[in-house]
Structure formats: structure tokens, C-alpha cells
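In the order they appear, the protein sequences are chains A and B. All residue numbers for the first sequence refer to the numbering used here, where the first residue is 1 and numbers rise by one. All residue numbers for the second sequence refer to the numbering used here, where the first residue is 1 and numbers rise by one.
Worth flagging that the hints you see were computed from the coordinates, not collected in a lab. The C-beta atom is built at its ideal place from N, Cα and C for all residues, glycine as well. Honestly, I wouldn't trust all of these hints.
Only pairs whose alpha carbons sit at most 16 Å apart, straight line, appear in this in silico EDC-like list of lysine to aspartate or glutamate [as the list claims (entries may be wrong)]:
{"id": "1", "chain 1": "A", "residue 1": "Lys45", "chain 2": "B", "residue 2": "Asp100"}
{"id": "2", "chain 1": "A", "residue 1": "Lys109", "chain 2": "A", "residue 2": "Asp77"}
{"id": "3", "chain 1": "A", "residue 1": "Lys45", "chain 2": "A", "residue 2": "Asp57"}
{"id": "4", "chain 1": "B", "residue 1": "Lys65", "chain 2": "B", "residue 2": "Glu53"}
{"id": "5", "chain 1": "A", "residue 1": "Lys42", "chain 2": "B", "residue 2": "Asp38"}
{"id": "6", "chain 1": "B", "residue 1": "Lys71", "chain 2": "B", "residue 2": "Glu53"}
{"id": "7", "chain 1": "A", "residue 1": "Lys45", "chain 2": "A", "residue 2": "Asp82"}
{"id": "8", "chain 1": "A", "residue 1": "Lys42", "chain 2": "B", "residue 2": "Asp107"}
{"id": "9", "chain 1": "A", "residue 1": "Lys2", "chain 2": "B", "residue 2": "Asp107"}
{"id": "10", "chain 1": "B", "residue 1": "Lys17", "chain 2": "B", "residue 2": "Asp100"}
{"id": "11", "chain 1": "A", "residue 1": "Lys79", "chain 2": "A", "residue 2": "Asp57"}
{"id": "12", "chain 1": "A", "residue 1": "Lys45", "chain 2": "B", "residue 2": "Asp107"}
{"id": "13", "chain 1": "A", "residue 1": "Lys109", "chain 2": "A", "residue 2": "Asp82"}
Per label pair, the in silico range of CB-to-CB distance [claimed, not checked]:
{"id": "14", "chain 1": "A", "residue 1": "Arg66", "chain 2": "B", "residue 2": "Ala2", "range": "26 to 34 Å"}
{"id": "15", "chain 1": "B", "residue 1": "Arg9", "chain 2": "A", "residue 2": "Asn65", "range": "33 to 41 Å"}
{"id": "16", "chain 1": "B", "residue 1": "Ala2", "chain 2": "A", "residue 2": "Asp39", "range": "15 to 23 Å"}
{"id": "17", "chain 1": "B", "residue 1": "Val14", "chain 2": "A", "residue 2": "Ser52", "range": "46 to 54 Å"}
{"id": "18", "chain 1": "B", "residue 1": "Ile12", "chain 2": "A", "residue 2": "Gln69", "range": "37 to 45 Å"}
{"id": "19", "chain 1": "B", "residue 1": "Ile12", "chain 2": "A", "residue 2": "Asp39", "range": "19 to 27 Å"}
{"id": "20", "chain 1": "B", "residue 1": "Ala2", "chain 2": "A", "residue 2": "Gly58", "range": "18 to 26 Å"}
{"id": "21", "chain 1": "B", "residue 1": "Thr86", "chain 2": "A", "residue 2": "Asn65", "range": "32 to 40 Å"}
{"id": "22", "chain 1": "B", "residue 1": "Lys18", "chain 2": "A", "residue 2": "Ser28", "range": "19 to 27 Å"}
{"id": "23", "chain 1": "B", "residue 1": "Lys17", "chain 2": "A", "residue 2": "Ser53", "range": "49 to 57 Å"}
{"id": "24", "chain 1": "A", "residue 1": "Gly54", "chain 2": "B", "residue 2": "Val14", "range": "22 to 30 Å"}
Derived contacts from chain B toward chain A, CB cut-off under 10 Å, selection only [as the list claims (entries may be wrong)]:
{"id": "25", "residue": "Thr22"}
{"id": "26", "residue": "Glu30"}
{"id": "27", "residue": "Tyr31"}
{"id": "28", "residue": "Gln37"}
{"id": "29", "residue": "Gly42"}
{"id": "30", "residue": "Arg44"}
{"id": "31", "residue": "Gly58"}
{"id": "32", "residue": "Leu88"}
{"id": "33", "residue": "Ala92"}
{"id": "34", "residue": "Ser94"}
{"id": "35", "residue": "Gln103"}
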Amino acid sequence: RKEVEQDPGPFNVPEGATVAFNCTYSNSASQSFFWYRQDCRKEPKLLMSVYSSGNEDGRFTAQLNRASQYISLLIRDSKLSDSATYLCVVSYTGGFKTIFGAGTRLFVKA
Amino acid sequence: EAQVTQNPRYLITVTGKKLTVTCSQNMNHEYMSWYRQDPGLGLRQIYYSMNVEVTDKGDVPEGYKVSRKEKRNFPLILESPSPNQTSLYFCASSLGTGSDQPQHFGDGTRLSIL
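Just chain A, with the same shape it has in the complex:
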């Protein structure tokens, strides 16, 4: 079993739709959680950090459930420019070991 698992998709949604991604992690020592976005073959860029209390940034909402060991990302009112691969990222306590999920591809269509 992979340490960080994501549904690879692709998710094909129309503009304006709401879409949700989930990510599960297996190591309970996980400390920090992030969502990054990656455009085709470019460098990953931070979308948002994920906090235990949940956090929102405009159209994006991230949630963390430590008991069930998953994090989620909700995108509301999807835009064409949201088309990308979304990467779930987990870092571990006491070091800098970082595990990326394989990513979920999103296509937003007009």
C-alpha cells in the first residue's frame, strides 16, 4: 500500500462545478499536510497548507481528518484555469521526509 494515495482521475467537470478530491495517508506520525498544483511538466506550486481546523482560501477549502487519516480539497465554481494535477503532500515529524501522492488530474471544460 502506498503511504499517500490519491484517486488519479481524471476528473472532467464543466465550468462552475464543485469538485472534491480526497487523499489518504498511512503513517500516523505525519505532521504537515499540503495541497500543491502542478501544470503539465512544470514545477509544483503550493495551493494551500492544510490545518486540523480546516482552512479556506477563496474558492478552495481544505480539510484534515487525523482520526481517519485523510485530507480533502474542495474547489467551488471551477474555472478553466483550475485544470491541472493536484498533489497531496505529507511531511513527517522530526525530519524532512516528504511523501507526495501521485496526483489527481482535473480538466475543467467550457
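Use these hints to put chain B onto chain A, whose structure you have.
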């Protein structure tokens, strides 16, 4: 401008010819890391460094070496490259490991080993 700079951006070389990919950051970050990205596998951590002269293996360190002699630089060395090291490589840095300290990535280096 705050950035992570990798060189070269592209390299085609042959099996066994030693190569070094440089990485430099100008943000005074403590933590630096190297990843490789392959189709269907996502990014996998090769090595990371928590400070000068402190490095540790990630998930796929075989065939790679790193050094951290200065805070700003973290070169990736392939002593004897092989075709299975053909990949897209990213260097990243961060101030720390907390949720408020995300990693910043370089533009990537595309390596082809023939």
C-alpha cells in the same frame, strides 16, 4: 526575487558519464530536497538536507549522492548514470517542516541517459 535555481534545465548524456545538477536558493532556507518525477509514480524524494553538512536518504537514494557544504547550495551528483535515472528532477527548499513552511521548487531538470 526569491527563487530556487537549478542547472542545467535539460541534459542528454550517456551511461557512466558522471554528472552534477546544481541547485541554489536565495531565501536562507534550512531545508533542501531533491525529487524525481516519473509518469504514474509522482514525485519521489531522493535525498534531503536539514542544514549544512546534515543530509539523509529519501525513498529512492540509490545511484545518487548529495552534499550540503553551504546553506544555499545542494547539488545532486550521479557518479555513474544509468538509463533508469532518466527522469524529471526537482530541487526544493523551505524554511522548516511545519504546515506554514511549504517547499519552494525549482523549474526542474530533464535528464536523459542513453
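- CA of Lys42(A) to CA of Asp107(B), is that 16 Å or under? holds (7 Å)
- Is the straight-line distance between the alpha-carbon of Lys71(B) and that of Glu53(B) 16 Å or less? holds (9 Å)
- Message: Check the hint pairing Lys109(A) with Asp77(A) against an upper bound of 16 Å on the C-alpha distance.
- Response: holds (12 Å)
- Are the Cα atoms of Lys109(A) and Asp82(A) separated by 16 Å or less? holds (10 Å)
- Query: Going straight from one Cα to the other, do Lys45(A) and Asp57(A) come out at no more than 16 Å?
  - Reply: Since the Cα atoms of Lys45(A) and Asp57(A) sit roughly 15 Å apart, the hinted pair holds (cutoff 16 Å).
- Could one say that the CB atoms of Ala2(B) and Gly58(A) fall in the range 18 to 26 Å? holds (23 Å)
- Per-residue hint verdict: Tyr31(B), partner chain A, C-beta under 10 Å: Cβ of Tyr31(B) sits 5 Å from chain A, so the hint holds.
- Would you mind confirming whether the straight-line C-alpha gap from Lys45(A) to Asp107(B) stays at or under 16 Å? Between Lys45(A) and Asp107(B) the Cα gap is close to 10 Å, so the pair holds against 16 Å.
- Task: Using the Cβ atoms, figure out if Arg66(A) sits within 26 to 34 Å of Ala2(B).
- Result: The hint (26 to 34 Å, Cβ to Cβ) holds, given that Arg66(A) and Ala2(B) are roughly 32 Å apart.
- Query: Once the shortest beta carbon distance from Thr22(B) to chain A is found, is it less than 10 Å?
  - Reply: Where the cut-off is 10 Å and the nearest Cβ of chain A is about 16 Å from Thr22(B), the hint is violated.
- Query: Is the shortest C-beta separation between Leu88(B) and chain A less than 10 Å?
  - Reply: The hint holds - Leu88(B) has a Cβ within 10 Å of chain A, the shortest such distance being about 7 Å.
- Task: With chain A as the partner, please determine if Gly42(B) meets the hint condition of a C-beta pair closer than 10 Å.
- Result: holds (4 Å)
This entry does not satisfy hints 9, 10, 22, 24, 25, going by the numbered hints stated previously.
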